[in-house]
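Peer 1: My request is simple: use the sequences and hints to build the entire structure.
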Amino acid sequence: MKDFTRQKVILFFAAAALGFLFKTLNVPIPYMLGGIVVTFVSKTFIDPKTNWPAAWRNLMLSVGGCEIGRDCSFETLVNLSHQVFGVLSATGSIVIVSLIASWLTFRMTNVNLISCLMGCAPGGMSLMTLMAEEDPRSDMNFVVVAQTLRFTCVVVSVPFLAMHMLDESATAVALEQVDGLHWLVLVPLVWLGRFLGKKFHLPTKQLLGPILVAAIFSTFVQPFESAPKILMAVVQLNIGLYIGTKLEKNRLLSLRSTLPNLFFCNAAMIATSVGMAIFLSQTYGFSLITAFLAMAPGGIAEMCLAGLSMGADVPQILTYQLFRLLFLNFTLPFAINWYFKKNEDTKT
Numbered sequence: 003m004k005d006f007t008r009q010k011v012i013l014f015f016a017a018a019a020l021g022f023l024f025k026t027l028n029v030p031i032p033y034m035l036g037g038i039v040v041t042f043v044s045k046t047f048i049d050p051k052t053n054w055p056a057a058w059r060n061l062m063l064s065v066g067g068c069e070i071g072r073d074c075s076f077e078t079l080v081n082l083s084h085q086v087f088g089v090l091s092a093t094g095s096i097v098i099v100s101l102i103a104s105w106l107t108f109r110m111t112n113v114n115l116i117s118c119l120m121g122c123a124p125g126g127m128s129l130m131t132l133m134a135e136e137d138p139r140s141d142m143n144f145v146v147v148a149q150t151l152r153f154t155c156v157v158v159s160v161p162f163l164a165m166h167m168l169d170e171s172a173t174a175v176a177l178e179q180v181d182g183l184h185w186l187v188l189v190p191l192v193w194l195g196r197f198l199g200k201k202f203h204l205p206t207k208q209l210l211g212p213i214l215v216a217a218i219f220s221t222f223v224q225p226f227e228s229a230p231k232i233l234m235a236v237v238q239l240n241i242g243l244y245i246g247t248k249l250e251k252n253r254l255l256s257l258r259s260t261l262p263n264l265f266f267c268n269a270a271m272i273a274t275s276v277g278m279a280i281f282l283s284q285t286y287g288f289s290l291i292t293a294f295l296a297m298a299p300g301g302i303a304e305m306c307l308a309g310l311s312m313g314a315d316v317p318q319i320l321t322y323q324l325f326r327l328l329f330l331n332f333t334l335p336f337a338i339n340w341y342f343k344k345n346e347d348t349k350t
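Take 3 as the starting number for the sequence shown in my numbering and just add one per residue.
Some hints here could point you the wrong way.
Claimed, not checked - Between beta-carbon pairs, the in silico distance windows are: (1) R109 <-> H203: 33 to 41 Å; (2) Q224 <-> P50: 43 to 51 Å; (3) A337 <-> I218: 14 to 22 Å; (4) M110 <-> H184: 51 to 59 Å; (5) S83 <-> L183: 23 to 31 Å; (6) G94 <-> F266: 15 to 23 Å; (7) F22 <-> L255: 26 to 34 Å; (8) L183 <-> S159: 33 to 41 Å; (9) A337 <-> F47: 39 to 47 Å.
Hints are computed from structural coordinates only; laboratory data are not their basis. Cβ atoms here follow ideal geometry from the backbone N, Cα and C, with glycine treated the same way.
Peer 2: What follows is the structure, encoded as structure tokens:
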């Protein structure tokens with residue numbers, strides 16, 4: 003127990019120190035990146051058994067979810083009703099590119115098609131790894147590596163690309179400070195969101211439950227203050243420390259022949275995000291950084307937290323990311339099962 007505690011304390015403060023360095027260098031989501039780097043280095047070069055508790059990550063996801071949800075309002079729903087074409091175009095374009103990338107990976111490697119589809123799905127890391135674990139036809143190792151690489155590439159590259167794509171006026175936007183109830187209202191909202199997310203079996207329930215509860219509370223009851231910056235730094239640290247443990251050297255080496263294809267797939271999806279971001283920005287008038295983070299094939303929490311730290315329009319990012327997540331969760335598993343079951347029935 004002492005060794006466990008000592009290791010976690012060392013990892014946490016090492017990640018915090020590195021995150022602070024990144025922050026002084028104006029690196030976006032600095033503490034999350036610090037966590038990723040520290041656990042990956044520790045697991046690769048120091049202790050292969052390095053890990054970070056999923057329960058801690060899940061709790062911090064819920065806190066981050068409430069902070070994301072507090073920025074939503076009735077105006078967010080109105081804006082969404084005016085951007086149906088944009089939301090559908092954004093989701094459709096990135097899904098089509100991921101399907102093409104899956105097919106090319108299947109044709110150019112010895113990985114079967116169902117594994118390629120699960121590995122290249124944009125923004126569905128939790129869902130796809132769970133499906134791969136439950137489906138004996140899939141290559142679990144490939145799916146985990148492909149999803150982890152995509153997720154890490156997006157989390158690391160998109161904020162940097164977004165910063166360099168911006169003009170001066172966009173980077174000068176400050177986070178909106180909302181007066182209202184004390185930020186400690188997060189405590190019951192986090193608990194209620196996690197409870198409802200589990201009860202109603204929401205996808206990524208630890209995140210979506212608190213987002214929805216905080217959004218409803220802030221819109222229809224009363225707004226509440228933003229959480230302290232130090233708490234949001236802790237949120238970033240826990241998420242980053244957990245992500246870093248998923249990058250394993252042995253898994254990467256076992257699939258090194260497929261890595262060029264995976265990097266190409268990630269580059270194609272990010273390039274598509276850039277193109278669609280320009281289109282969305284010009285069509286609907288929000289900043290390029292907001293459009294880029296809304297389009298990026300990463301996770302809701304990571305892209306919204308990046309938006310929070312960079313002064314972007316978080317409700318817009320949430321709207322696009324949430325729609326894609328729900329679309330993938332409710333259609334992709336059924337589509338994959340239907341397609342491959344149909345092919346099996348045809349063969350028999």
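Peer 1: With reference to the structure, classify each hint as holding or not holding.
Peer 2: Results of checking the hints against the structure:
no.: 1; hint: R109 <-> H203: 33 to 41 Å; verdict: 36 Å, holds
no.: 2; hint: Q224 <-> P50: 43 to 51 Å; verdict: 49 Å, holds
no.: 3; hint: A337 <-> I218: 14 to 22 Å; verdict: 31 Å, violated
no.: 4; hint: M110 <-> H184: 51 to 59 Å; verdict: 56 Å, holds
no.: 5; hint: S83 <-> L183: 23 to 31 Å; verdict: 28 Å, holds
no.: 6; hint: G94 <-> F266: 15 to 23 Å; verdict: 21 Å, holds
no.: 7; hint: F22 <-> L255: 26 to 34 Å; verdict: 32 Å, holds
no.: 8; hint: L183 <-> S159: 33 to 41 Å; verdict: 37 Å, holds
no.: 9; hint: A337 <-> F47: 39 to 47 Å; verdict: 41 Å, holds
When held up to the earlier numbered hints, the structure conflicts with hint 3 and nothing else.
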